[in-house]
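Colleague: Listed here are the chains, written in short residue letters.
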Amino acid sequence: MGRKLLLEKAHVENIRYFDVYRREGGYRSVEKALKSMAPDAVTEEVKKAGLRGRGGAGFPAGMKWSFLAKPEGVPRHLVVNADESEPGTFKDRYLMEFLPHILIEGMIVASFALGSNNSYIYIRGEYWWIVDILEQAIEEARSNGFLGKNILGTGFDCEIYVHRGAGAYICGEETALIESLEGKRGNPRIKPPFPAIKGVWDRPTVVNNVETICAVVPIINEGGDEYAKIGVGKSTGTKLISACGNINKPGVYEIDMTISVEEFIYSDEYCGGIPNGKRLKACIPGGSSVPILPANLLLKTAKGETRMMNYESLSDGGFATGTMMGSGGFIVLDEDQCVVKNTYTLARFYRHESCGQCSPCREGTGWMEKLLLRLEKGQGKMSDIDLLWDIQRKIEGNTICPLGDAAAWPVAAAIRHFRDEFEWHVLNPDEAVKRNYGLAHYADPLEIAATV
Amino acid sequence: MIQFSDNKLKEVEKIVARYPEGRQKSALIPVLHLAQQEFGGWLDVPVMDYVASILKLSPIEVYEVATFYSMFNLKPVGRYMFEVCQTGPCMVRGADDIVSYIGQKLGIKPGQTTEDGMFTLKAVECLGACGYAPMMQMGKHYKEHLTPQRVDEIIEECRKSAATNN
Ligand SMILES: Cc1cc2nc3c(=O)[nH]c(=O)nc-3n(C[C@H](O)[C@H](O)[C@H](O)COP(=O)(O)O)c2cc1C
Ligand code: SF4
Ligand code: FES
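Protein sequences appear in the order of chains A and B. The first sequence begins at 1 in this note's numbering and counts up one residue at a time. The second sequence begins at 1 in this note's numbering and counts up one residue at a time.
Just so you know, the hints here were simulated from the structure itself, not pulled from any lab data. Honestly, I wouldn't trust all of these hints.
Claimed, not checked - Covered, in the sense of this in silico footprint (three residues per stretch, anywhere, with C-beta under 8 Å from a C-beta of chain B), are these stretches of chain A: (1) 71-85; (2) 121-127; (3) 162-169; (4) 183-189; (5) 299-312; (6) 331-338; (7) 392-404.
Stated by the list, open to error - Chain B is faced by these chain A residues, among others (derived, beta-carbon under 8 Å): (8) Phe67; (9) Thr89; (10) Trp201.
Even for Gly, the Cβ is constructed at its ideal location relative to N, Cα and C.
Sequences and hints are given; from them, build the entire structure.
Modeller: So, in structure tokens, the structure goes:
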């Protein structure tokens, strides 16, 4: 059993409510930080912990906090990113729905460290019912003296507000989120200036993912050094993985980043294997933006080492033979799934979500969607595959925000690893509409999986 | 006439107060949500103009935003909206079949509303419920682990609740 820091109490009855959460040891980190630590000392602990941003990019949280500008007389803000819209990702929702107080607790401590007296949660509009859960938690925290003026008599004031978006994946990108919080379209800003200098309402702003902020609670309770002892290398602490697709037990799991991918998929503690005795074909382990890997490269790196569920191991081999931890949205595809169709739905997603500011992203995502649909329907040409490759290359690196890259990578990886499946669609148009390509030559390396 | 009730106007005031002085534009998205709920489930131009007037914005600032976000309806919709997720992880678990089943059952295609104005069917992108697929959003809540039987029940529940609330 791995260590659990965030979800340890998730199954305690009524943990959603303040009294139970408090009885189970909640809000200790607020008492400790506000009463016995200086704001910079809190940031120092987060740095020592080696906590990396859990929203996808993995940027060290403590370092981000220390970049926050502190001009005299200008308010600063903490904004929590609860936009969670990357296909495959549903972990922040789990935290907010079942453990809302851990987010509020982490936000109070982080707001204290950053000097934010008014902090915001930007939540995707579709998580409508969760707004009520969060607002109730905020009310409870306030009536118990953990929010409002002069918290616990320490002189620190803090308010938390929930701001509900209205359906736009791009608002998860931090500068688009800031625009949206200002009441505008979610068009990402050109950086620099970075939010740490000029964020919401031109004020210094830190944007962090829900899970990142929740992780501050155990870091302060146990100390940064203790937190850093969990995990391996630069993958410290625990990570939430939302697992979905063709597995027996879809859901949200907390892992300590020392287990193998194989164990994660096949053990009963986690995904519980693949239903109906099917074999593993491929996996997108970190949300739809990260490269898809065929089973053989997923379970073992190109060097033949066991691939582990952590930042370094998942990206071992770069994009040629590796992938990324991303947001922890773990999507499993069994032997019956069509890589072309799956890639098509992702391309459609990115076309739908492009804000339209940059031509390579706006036009390129549309072209990729069209070509993939054509190929999927058995109406494509061989040259379409090369054209797709060409388009994704022209998007990558040529746009204002990383959505362009995020749209390009899944297409590139699908062609890189499953080119024969694309070609099969072109060469066998009649069959392609009737059945899926199946495992084909990926079957052999899969024997490793079958023998687990 | 398009006019929030006094209660709703108080709610608007509370929303505006969350943001710094002079930044009432930040309240736009939350107030548009409120307006959509209050004025028939969609945002007609006069409704957007009204929102502009109470937040002291120019109408174009409101149109710009209303047209950007997928949750704002710019055309009338049915009393119940079934928004079925069709992205990869849901597709893998049979989302396409659920979309066609609902379509057949209600006699509409995605994007259409039933003639009685009761149901709108939409195929949408990832809703953050990929592990509980196939699924759809219906108003404030999600309906997850959908099967044809479950869909039948939901449609029945909607019809019943519409009949009792009329
Ligand atoms: C297109 C796009 C969508 C994103 N969506 C999210 C999201 O839903 N949630 C999130 O926390 N970060 C998202 N990010 C990353 C944010 O820009 C930002 O890096 C993150 O919120 C920082 O928090 P962290 O360091 O705690 O991870 C997205 C980035 C891009 C480019
Ligand atoms: S890359 Fe795409 S989403 Fe990002 S700013 Fe450009 S057009 Fe908008
Ligand atoms: S793919 Fe359907 S909810 Fe995420």
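Colleague: Which numbered conditions among the earlier hints are violated in the structure presented, ordered from lowest to highest?
Modeller: Numbers 5, 7 and 8, in rising order.
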